[in-house]
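Colleague: Given these sequences and hints, build the entire structure.
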Amino acid sequence: MSDIIKQIEDAQLKAEAPQFSVGDTVRVYGKIKEGNRERVQVFEGIVMKKQGGGVRETFTVRKNSNGVGVEKTWPLHSPSVEKVEVIRRGKVRRAKLNYLRGRVGKRAKVKELVK
1 MSDIIKQIED
11 AQLKAEAPQF
21 SVGDTVRVYG
31 KIKEGNRERV
41 QVFEGIVMKK
51 QGGGVRETFT
61 VRKNSNGVGV
71 EKTWPLHSPS
81 VEKVEVIRRG
91 KVRRAKLNYL
101 RGRVGKRAKV
111 KELVK
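Residue numbers (the numbering used here): 1 to 115.
Among these hints, one or two may not hold up.
No more than 27 Å apart at the CA atoms, straight line, and that leaves these computed lysine-lysine pairs for DSSO-like [what the hints assert, rightly or not]:
#  : residue 1 : residue 2
1  : 31        : 14
2  : 14        : 72
3  : 83        : 72
4  : 109       : 50
5  : 106       : 91
6  : 91        : 63
7  : 106       : 50
8  : 72        : 33
9  : 49        : 111
10 : 72        : 96
11 : 72        : 109
12 : 50        : 96
13 : 96        : 83
14 : 96        : 14
15 : 115       : 50
16 : 91        : 111
17 : 14        : 33
18 : 72        : 31
Taking CB as the label site, the calculated pair distances span [stated by the list, open to error]:
#  : residue 1 : residue 2 : range
19 : 102       : 5         : 33 to 43 Å
20 : 79        : 27        : 14 to 24 Å
21 : 103       : 2         : 39 to 49 Å
22 : 32        : 52        : 18 to 28 Å
23 : 104       : 35        : 34 to 44 Å
24 : 10        : 67        : 35 to 45 Å
25 : 103       : 34        : 27 to 37 Å
26 : 10        : 99        : 27 to 37 Å
27 : 65        : 2         : 38 to 48 Å
28 : 11        : 112       : 34 to 44 Å
Everything labelled a hint here was simulated from the structure, so no lab data went into it.
Quick reminder that beta carbons are idealized off the backbone N, C-alpha and C, glycines included.
Modeller: Structure follows, in structure tokens:
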């Protein structure tokens, strides 16, 4: 039974999954369906965490909007995610950046990774 499930999941994977990691500032282009129209909405913020694997892999992005923290979680291989653009690379030493939730202003920044 697991071979059948694996074949179905492999067919769902995106050919070119975006390459980014935790701490990166990304711009996510998500498809929004309103009635019979479909449009693309941009969500820009810091990647808080990546979890799961394969077709179930998800990532969470956090941004501040008018002083209120907003987090969204997307499946990486979802057709509703059109593309993910990396704006800047972040230098972090954690897999999940939950400590950013309690911070505001300059303290909520992540250092940029310089190569």
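Colleague: Now tell me if each hint is right for this structure.
Modeller: Verification of the hints:
Distance restraint check for residue 31 and residue 14: the Cα-Cα separation of roughly 16 Å lies within the 27 Å cut-off, and the hinted pair is therefore satisfied. Between residue 14 and residue 72 the alpha-carbon distance is near 20 Å, which keeps this suggested pair within the 27 Å criterion. Simply put, residue 83 and residue 72 have alpha-carbon atoms about 15 Å apart, close enough for the 27 Å limit, and the pair holds. Annotation: proposed proximity of residue 109 to residue 50 holds, straight-line Cα distance about 19 Å (limit 27 Å).
Annotation: proposed proximity of residue 106 to residue 91 holds, straight-line Cα distance about 15 Å (limit 27 Å). Restraint check: the Cα-Cα separation between residue 91 and residue 63 comes to about 17 Å, which is no more than 27 Å; the hinted pair holds. The hinted pair formed by residue 106 and residue 50 meets the criterion: a straight-line CA distance of about 24 Å does not exceed 27 Å. Proposed proximity of residue 72 and residue 33 is supported: the alpha carbons are some 17 Å apart, at most 27 Å.
This hinted pair checks out: residue 49 and residue 111 have alpha carbons roughly 16 Å apart, not beyond 27 Å. Between residue 72 and residue 96 the alpha-carbon distance is near 14 Å, which keeps this suggested pair within the 27 Å criterion. Simply put, residue 72 and residue 109 have alpha-carbon atoms about 18 Å apart, close enough for the 27 Å limit, and the pair holds. For a cut-off of 27 Å, the pair hint linking residue 50 to residue 96 stands: about 8 Å separates their Cα positions.
For the hint linking residue 96 to residue 83, the alpha-carbon distance of about 22 Å falls within 27 Å, and the restraint holds. A C-alpha spacing of about 24 Å is found between residue 96 and residue 14, which places the hinted pair at or below 27 Å, so the restraint holds. Restraint check for residue 115 and residue 50: the C-alpha separation of about 23 Å stays at or below 27 Å, so the hint holds. The hinted pair formed by residue 91 and residue 111 meets the criterion: a straight-line CA distance of about 5 Å does not exceed 27 Å.
Taking the CA atoms of residue 14 and residue 33, the gap is near 21 Å; set against the 27 Å cutoff, the hint holds. Restraint check: the Cα-Cα separation between residue 72 and residue 31 comes to about 14 Å, which is no more than 27 Å; the hinted pair holds. Taking the beta carbon of each, residue 102 and residue 5 are about 40 Å apart, inside 33 to 43 Å as hinted. The hinted window of 14 to 24 Å between residue 79 and residue 27 holds, with their beta carbons roughly 18 Å apart.
For the hinted restraint 39 to 49 Å between residue 103 and residue 2, the CB-CB distance of approximately 43 Å keeps it satisfied. Taking 18 to 28 Å as the suggested C-beta distance range, the pair residue 32 and residue 52 conforms, at roughly 23 Å. Taken as a hint, the range 34 to 44 Å holds for the pair residue 104 and residue 35, whose Cβ atoms sit roughly 37 Å apart. Checking the proposed 35 to 45 Å range against residue 10 and residue 67 shows it holds: the Cβ atoms sit about 43 Å from each other.
At about 34 Å, the CB distance of residue 103 to residue 34 agrees with the hint of 27 to 37 Å. Distance hint check for residue 10 and residue 99: the Cβ-Cβ separation is about 36 Å, which falls inside the suggested range of 27 to 37 Å. Residue 65 and residue 2 have their C-beta atoms about 42 Å apart, which keeps the hinted 38 to 48 Å range intact. In this structure, residue 11 and residue 112 meet the distance hint of 34 to 44 Å, their C-beta atoms being roughly 38 Å apart.
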